[in-house]
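*Asks:* In case you want the letters, here they are:
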Amino acid sequence: MGPFAEIKWVVCHGPDVVHFSELSIGSSITTGQPNCEHFDTEEEGLARAVELGYERPFPAVT
Amino acid sequence: MRLTATRASVTSGGGVAITALPDFTYGITSAGGVFNLRSAGTVNYDVEWGDGDAETSTLNTLPHTYVAGSYSLLVNSSGVYRPYFNNVTADANQITSVAIGPGANLGTDLLNAWYGASNMTSFVCAFDVTSGVTSFNSAWRGCSNLATFPLIDTSSGTDFSGMFFNCTGLTNIPSIDTSNGTDFDNFCKRTAITTFSALDFSSSTRFLDAWYDCSSLADFPANMFDTTGTLISNAFRQSWSICALTAQSIENILVSLDTNGASNITLAISGGTNAGKTTWSAAAVTAYDNLIAKGWTISFNS
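Order-wise, the sequence lines are chains A and B.
Quick note, in the numbering used here, the first sequence goes up one by one and the last residue is 62.
Quick note, in the numbering used here, the second sequence goes up one by one and the last residue is 364.
These are calculated hints, taken from the structure and not from any lab test.
Built from N, CA and C at the ideal position, the CB exists for glycine as well.
The reader is advised that the hints may include incorrect statements.
Okay, the calculated bits of chain B under chain A, using three or more residues with CB under 8 angstroms as the criterion [stated by the list, open to error]: (1) 300-313; (2) 352-359.
In silico SDA-like links for lysine to any residue, alpha-carbon gap of 20 angstroms or less [to be verified]: (3) B:K356 / A:F4; (4) B:K339 / A:F4; (5) B:K339 / A:D16.
Partial selection, computed: residues in chain B whose CB lies under 10 angstroms from chain A [claimed, not checked]: (6) G141; (7) N296; (8) F362.
Could you build the full structure based on these sequences and the hints that come with them?
*Replies:* Right, dumping it as structure tokens:
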């Protein structure tokens, strides 16, 4: 998937795992998981990831 | 005043002068006003403020009012004394240097010890005094004017997360002992390193954002992840985003992760000037294909 002209947030998932990634402009992403969805905002992507069982690994830091 | 160690020097007259080495020597530059000496846990220490005042305290936040100027602040303690500036920038920003003598007892936890000391230009530490420290979490985080860092004993360390996070002036990570390290999240995120020297990651489980935005990081060694602890599913989330990895470095990373054998993990080697996939070696592409077949999610520059 990609590259995109804007930053995307990507949720790739399967029966065992949920991956949540930020994809910078011009980058691509490939997954061995059976499903992959992309979102325009981090909030949307994170909400979907959490819905699928994703657990944030630590408080957000910048 | 407790004397924990001494320094011998020859005087101009040929005699020998014995002087005490303080546990901690802080260089302080004050614009005039209050500086709070910050620590954590149970403490009992002597402090010489460097302006003629001295006292003994058990307080974790001990205020002192300076007139504008630079001072050498000395701290000695007979027990554990754990610095804890914890990003209280009004105090941390007054620190220009830290020297830790061989008699210091840091205990086991340096969480956020000098976090936010953005004007610190020198950190000197006797090698052995950190031998019992298990957590280096964010100990020097935000020390953005620190250009070099000494070799210290980190052999007991398990938590290295954020250790050098936002040390934006740091050009080299010393070859510290990380053999017991499990957590390397944000390890040297946003540092100025160009090369990462080999460390022992044999106990590691996570590297989220570890080298994120090290925009000059080009060279990363081979075999770093051949053997690790049990990696979490987001172990390499944004780990090498916004770096400058060469194609050889990307091969080193991918081949080692493939050798590791772990499945279903996310990895980022995208953004910045990381070598694009069209420039990767055949070995790198093979490792990449193997990882995808094992359920990995990998972001990369096209």
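*Asks:* Run every hint past the structure and note whether it holds.
*Replies:* Hint by hint, here is what the structure shows:
Coverage of a stretch by a chain is defined here by at least three residues with a beta carbon nearer than 8 angstroms to that chain's beta carbons; for the stretch 300-313 of chain B and chain A the count is 3, and the condition holds. Check result for the stretch 352-359 of chain B against chain A: holds, 7 residues qualifying (beta carbon to beta carbon below 8 angstroms, three or more required). Only pairs whose Cα atoms come within 20 angstroms are accepted, and K356 of chain B paired with F4 of chain A is rejected, the gap being roughly 25 angstroms. The hinted pair formed by K339 of chain B and F4 of chain A meets the criterion: a straight-line CA distance of about 16 angstroms does not exceed 20 angstroms.
Proposed proximity of K339 of chain B and D16 of chain A is contradicted: the alpha carbons are some 28 angstroms apart, above 20 angstroms. A least Cβ separation of about 32 angstroms between G141 of chain B and chain A goes past the 10 angstroms threshold, and the interface hint is therefore violated. Checking N296 of chain B against chain A: minimum C-beta separation of about 5 angstroms stays under 10 angstroms; hint holds. Taking 10 angstroms as the C-beta cut-off, the interface hint given for F362 of chain B holds, the closest approach to chain A being about 6 angstroms.
Checked against the numbered hints listed earlier, the structure breaks hints 3, 5, 6; every other hint is satisfied.
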